[in-house]
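Protein chains in written order, with UniProt numbering: chain A, 1 to 507; chain B, 1 to 296.
Don't read these hints as lab results, they were simulated from the structure.
Check each hint, because a few of them may be wrong.
Taking lysine to aspartate or glutamate and the DMTMM-like style, the derived pairs with C-alpha atoms no more than 25 Å apart in a straight line are [as the list claims (entries may be wrong)]:
| no. | chain 1 | residue 1 | chain 2 | residue 2 |
| --- | --- | --- | --- | --- |
| 1 | A | Lys366 | B | Asp236 |
| 2 | B | Lys119 | B | Glu91 |
| 3 | B | Lys139 | A | Glu66 |
| 4 | A | Lys224 | B | Asp255 |
| 5 | A | Lys224 | B | Glu287 |
| 6 | A | Lys493 | B | Glu91 |
| 7 | B | Lys139 | A | Glu364 |
| 8 | B | Lys187 | A | Glu220 |
| 9 | A | Lys482 | B | Glu287 |
| 10 | B | Lys128 | B | Glu166 |
| 11 | B | Lys187 | A | Glu364 |
| 12 | A | Lys479 | B | Glu91 |
| 13 | B | Lys276 | A | Glu352 |
Listed below are the residues making up each chain.
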Amino acid sequence: MSHQLGRVVSIILHRYFGDIVQTVGDDLFKCGSKPIGMIVKTTGLSRGLVIESLRTLLKYDIAAFEPSVNQLIAEYKLVPENVLLLIRYPRYLLQVKSKYGSEAELLIEELLQQATCTATVLLVTIATKYKDDKEKNITIMSLKDMFISLATAGYIQQAPVAELKEGSEIPTLVPVATIVPDLDTRILLQVMNAGNFNDVKDNIYWKVNYDRFHQDFRDELMIKAITRRIDENAGELMRFLLEQMYLNSPAWAPESNPVSALDVRDRCRRAATDKPLLQQYVDQYLKVLEESGGGFVRRCGDASGGQFCVRARAAALQLVRAALDHLVTERLGSKAARIFRLIRTKKYIEEEDIQKNAMLVNKECKQLTYKLLEEHFISCQPMRKAATAGGMAKAIYLYHIKLHEVAHTAREMCYRSLHNVSRRALHERTLHARLVDKQKRVRTIVHGMRLRGEPQENIDDVEETLTPPEQAVLQGVEKRLKQLSTAELELDKNLFIFNWYFTYPET
Amino acid sequence: MSVKQEDQLKEKILNVARKNPKGISHKDITAAIPDISSAELVTAINELLQQEYFDLFNQNGALLYRLKTQVNKQAVKGADNEEKVVFNLIEEAGNKGIWIREIRIRSNLANTQLTKVLKSLESKKLIKAVKCVNASKKKVYMLYNLEPDRSISGGAWYQDQDFESEFVDILNVQCLRFLNQRSDKIKNNPRGPIVGRTQSYATASEVQKYITDLGISKVQLDVEDVITILNTLVYDGKAESSVYPDGSKVYRSIDPLIPAPGLVQVPCGVCPLVHKCSTTGLITPQECTYMTEWLE
Ligand code: SF4
């Protein structure tokens, strides 16, 4: 685990949970896993605070525990990947909203906040919150239905339960298979009217299934890429193939089991009104997708009109390449990117041939090649030629790309940038903390006055305590923070591609 | 007319003759070299005949000049043995030329003597020395009337051993423009995606014609040259290539699979100081000017 990851994890923990949790998190990151006593010792925090922090971390799945060797005490460790998920929350919400509407968004939002929670508590809490909101018109019935849909589709799942194994003092968390619940609306209504959860017997806990969202993100990436490369019809076809893939293969399989063209054709027929061209030319689209679709799909048999495999691993590879191409272009210019791609196409290539194929001036070409070398985008391997007569033996240098390593470097760069962006945001916030506080206070006061129906003049008076220059500064801060958080989201999307690529072992 | 001009003219005529091994008439010459006066032509031809470059034929009442294949052998007639040996070695090398070192090894002549022989052959306009593009100090010898091979002269992209990168850049842009004109054909084509894809492809010779018609190139580019340029587009990630069943290469312009990713949207992704930047010290994200500018 890298230093850069540690930095970004630390700053995210600080943002979401404050500096005590940050200290504990840092400590865990550095040491791998350790028991509470050790954490207390190294951080110098009181035992109570450490326990409190660990509780928070465990709740959000950011830390895990396991029994130590003697099975008597628990050792804690940080799960850095899950820390990074915290900044992905807005994306989950957006995704579920666009797919299932705003009720689903409320459910996921609440569940993300609670981390784990029973269905009854979740539904009743939301329903109570929006009881008086006529606009949204949210009822506990519709929420319940939505909950069931989300559970069926796998966006939420049952939380693992703690079990005590024999001979151990420390419980282990055992995952349970999710059973779509049968919720009784009457009981829900009763609880809601009672206003407390005292006699609820529901003890099944739920949590958000991140992985299901990640599958969606991956699918979206593949579909968008195909749409860019070919057209919307081909993108839609990709979607259908993915749908079929889920029926017969594990979601993250490097290559899916064969999908029959018959099923796909069937699916296209059902979408005929939307995409008439696709229905008319399914077979042609399959062929073009296979040949010009970046290798996302492979024909793997001819039975029943053709069999196709979805190659998620190949897709990840292509997307990482595309991302790296962009990176090289932006950092070293398009000519360097030309050399970079050339080397990738030829696998191994001599300096002289680079110049010939890239059609660049000798000197420029050499400079760019060395720049690429310096930034670790390419590697160089000297090869001794067998000694020829006259001691003319000259070493030749073969350039090539170790994609795995380059992707690794790029991912580190993502972590670094993410840290820098967050750090800058923190800086902006602290710099203007006083002013932002003031604005907040003014807003609450004004809000209170409006509710009480006080005259407009008084409200204006209060509002005017923020002077125009202050307003201008505040606007600037707001704009900058917004830009920074957009950047964070984009960086996270970028990281997603890299991490997807890294889920498959290097070949 | 100066001697140099005369030589140039002769070279031009010889070039025409080389392209028509069956022979050329007066008309062919004037067609190929329009700015030649008949007096000049006559003197030039006479001299060439004297130097025994041409055979003279009479075909249907018109005079035909045909390039002699054996010119060179006769030209060395009367030369001494050393010259003949060296000449033969050079002739063998064809239009790839031969390096002086190699001539020396194979002819077993002493350095000084060899230089003398080469000088004499050069002065008789039997051989010439050509500079190599990929190694500027290396000279190779070849027969006087040969066009140097691409690997030696660098082909259309070189002007006196200098690589013309601006020319290449212009061609690169123009080729892309041509491909872009048809790249949308694959999208939602009412006649199906296969027809659409075919319509979005351009063969190398189509591109060559387009480039020639544009008239931006002073030299005649052949299909191979255009393919070289088109390949740079492929390495630029702006085009993909494929091969038709008949073996001809086709190209179509493409977009990258993803738009600019997050990393290059933030200043850190393109920052030259990225490895020197840390939480404390001289370069920090809090104080970074790149960030400040970007946030403006
Ligand atoms: S914060 Fe500034 S100096 Fe640091 S990497 Fe980013 S752009 Fe470069």
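So, going through the hints one by one against the coordinates:
Between lysine 366(A) and aspartate 236(B) the alpha-carbon distance is near 17 Å, which keeps this suggested pair within the 25 Å criterion. Distance restraint check for lysine 119(B) and glutamate 91(B): the Cα-Cα separation of roughly 16 Å lies within the 25 Å cut-off, and the hinted pair is therefore satisfied. For the hint linking lysine 139(B) to glutamate 66(A), the alpha-carbon distance of about 74 Å lies beyond 25 Å, and the restraint is violated. Distance check on the hinted pair: lysine 224(A) and aspartate 255(B) sit about 12 Å apart at the alpha-carbon level, within 25 Å; holds.
For the given pair, lysine 224(A) sits about 37 Å from glutamate 287(B) by alpha-carbon distance, which is inconsistent with the 25 Å threshold. Distance check on the hinted pair: lysine 493(A) and glutamate 91(B) sit about 64 Å apart at the alpha-carbon level, beyond 25 Å; violated. Restraint check for lysine 139(B) and glutamate 364(A): the C-alpha separation of about 24 Å stays at or below 25 Å, so the hint holds. Simply put, lysine 187(B) and glutamate 220(A) have alpha-carbon atoms about 19 Å apart, close enough for the 25 Å limit, and the pair holds.
Taking the CA atoms of lysine 482(A) and glutamate 287(B), the gap is about 18 Å. The hint holds against a cut of 25 Å. Taken as a hint, the lysine 128(B) and glutamate 166(B) pair is broken in the structure, with Cα atoms around 30 Å apart against an allowance of 25 Å. Taking the CA atoms of lysine 187(B) and glutamate 364(A), the gap is about 38 Å. The hint is violated against a cut of 25 Å. The hinted pair formed by lysine 479(A) and glutamate 91(B) fails the criterion: a straight-line CA distance of about 76 Å is larger than 25 Å.
For the given pair, lysine 276(B) sits about 33 Å from glutamate 352(A) by alpha-carbon distance, which is inconsistent with the 25 Å threshold.
The earlier numbered hints that this structure contradicts are 3, 5, 6, 10, 11, 12, 13.
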